[in-house]
Amino acid sequence: QSALTQPASVSGSPGQSLTISCTGTSGDVGSWNLVSWYQQHPGKAPKLLIYEVTKRPSGVSNRFSGSKSGNTASLTISGLQAEDEADYYCYSYAGSSALGVFGGGTELTVL
Amino acid sequence: QLQLQESGPGLVKPSETLSLTCKVSGGSISNNNYYWGWIRQPPGKGLEWIGSIYYGGSTYYKPSLKSRVTISVDTSKNHFSLKLTSVTAADTAVYYCARQDNWNYAYWGQGTLVTVSS
Chain A
1 QSALTQPASV
11 SGSPGQSLTI
21 SCTGTSGDVG
31 SWNLVSWYQQ
41 HPGKAPKLLI
51 YEVTKRPSGV
61 SNRFSGSKSG
71 NTASLTISGL
81 QAEDEADYYC
91 YSYAGSSALG
101 VFGGGTELTV
111 L
Chain B
1 QLQLQESGPG
11 LVKPSETLSL
21 TCKVSGGSIS
31 NNNYYWGWIR
41 QPPGKGLEWI
51 GSIYYGGSTY
61 YKPSLKSRVT
71 ISVDTSKNHF
81 SLKLTSVTAA
91 DTAVYYCARQ
101 DNWNYAYWGQ
111 GTLVTVSS
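Residue numbers (the numbering used here), protein chains in the order written: chain A, 1 to 111; chain B, 1 to 118.
In case anyone wonders, no lab produced these hints; they're calculated from the structure. Warning: the hint list may mix true and false statements.
[To be verified] Simulated crosslink set (DSS-like; lysine-lysine; CA at most 27 Å straight-line):
#, chain 1, residue 1, chain 2, residue 2
1, A, Lys-44, B, Lys-83
2, A, Lys-47, B, Lys-62
3, B, Lys-13, A, Lys-47
4, A, Lys-44, B, Lys-23
5, B, Lys-62, A, Lys-68
6, B, Lys-45, A, Lys-44
7, B, Lys-23, A, Lys-47
8, A, Lys-44, B, Lys-62
9, B, Lys-23, B, Lys-77
10, A, Lys-47, B, Lys-45
11, B, Lys-45, A, Lys-68
12, A, Lys-55, B, Lys-83
[Unchecked claim] Partial chain A-side listing against chain B, Cβ under 7 Å, derived:
#, residue
13, Pro-42
14, Ala-45
15, Gly-100
16, Phe-102
We put the beta carbon where it would ideally sit given N, CA and C, even for glycine.
Construct the complete structure from the given sequences, taking the supplied hints into account.
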């Protein structure tokens with residue numbers, strides 16, 4: 001099972017909005033509403049930002065939102081802040097043959 | 001507050017077996033709503049799901065690792081374990097344990113670096 005495809009890097013200025021894409025296949029992202037997104041700062045464990053495509057855990061800023069269209073899921077960050085500079089990973093259930101698969105990760109730089 | 005803590009050797013020789021344990025505190029590993037998983041991250045690279053286990057013993061493994069991976073659970077000690085056999089340098093990574101809730105991970109351990117080297 002190949003990893004989900006994410007852009008290697010994205011950048012934006014404070015206050016801007018940006019979107020990170022996560023492209024899979026009809027066997028994973030396209031078939032299941034079990035996509036989650038994680039934020040990881042250097043040397044830290046990942047933090048859950050979004051689960052089941054659009055749901056946000058308690059305590060996560062509403063500046064983070066998720067969506068899905070076909071085989072591509074997206075994470076949108078609005079009102080970009082310096083503290084958002086981190087790596088972001090998507091993850092999807094991929095059915096009984098492949099189970100769980102991560103995206104390759106996207107490095108977000110706040111200019 | 002649920003906490004997970006990985007423990008085990010930080011250095012393993014090539015061809016030997018990597019063994020790690022994840023101690024769960026602040027909650028019961030026997031909670032029937034969750035699986036318990038292992039995820040790793042090679043230095044400077046992305047996350048890789050390894051596998052997960054239910055307290056009753058049911059397991060899921062990444063297909064490409066399945067021949068080398070065993071995940072087990074000890075409910076009496078409230079911990080679960082990972083064994084990875086025949087390791088190579090490619091298995092050098094930070095290994096995380098996490099609680100799996102409907103295929104997402106809200107609770108993670110801090111991670112432990114395991115280096116494969118002679």
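Consistency of the hints with the structure:
1. A/Lys-44 <-> B/Lys-83: The hint holds at about 23 Å.
2. A/Lys-47 <-> B/Lys-62: 22 Å, holds
3. B/Lys-13 <-> A/Lys-47: 31 Å, violated
4. A/Lys-44 <-> B/Lys-23: 18 Å, holds
5. B/Lys-62 <-> A/Lys-68: Holds, because 24 Å separates the two Cα atoms, which is no more than 27 Å.
6. B/Lys-45 <-> A/Lys-44: The hint holds at about 14 Å.
7. B/Lys-23 <-> A/Lys-47: 19 Å, holds
8. A/Lys-44 <-> B/Lys-62: 24 Å, holds
9. B/Lys-23 <-> B/Lys-77: 8 Å, holds
10. A/Lys-47 <-> B/Lys-45: 17 Å, holds
11. B/Lys-45 <-> A/Lys-68: The given pair, whose Cα atoms are some 25 Å apart, holds under the 27 Å limit.
12. A/Lys-55 <-> B/Lys-83: Between A/Lys-55 and B/Lys-83 the Cα gap is close to 33 Å, so the pair fails against 27 Å, i.e. violated.
13. Pro-42: Interface hint status for A/Pro-42: violated (11 Å vs cutoff 7 Å).
14. Ala-45: 4 Å, holds
15. Gly-100: 4 Å, holds
16. Phe-102: 5 Å, holds
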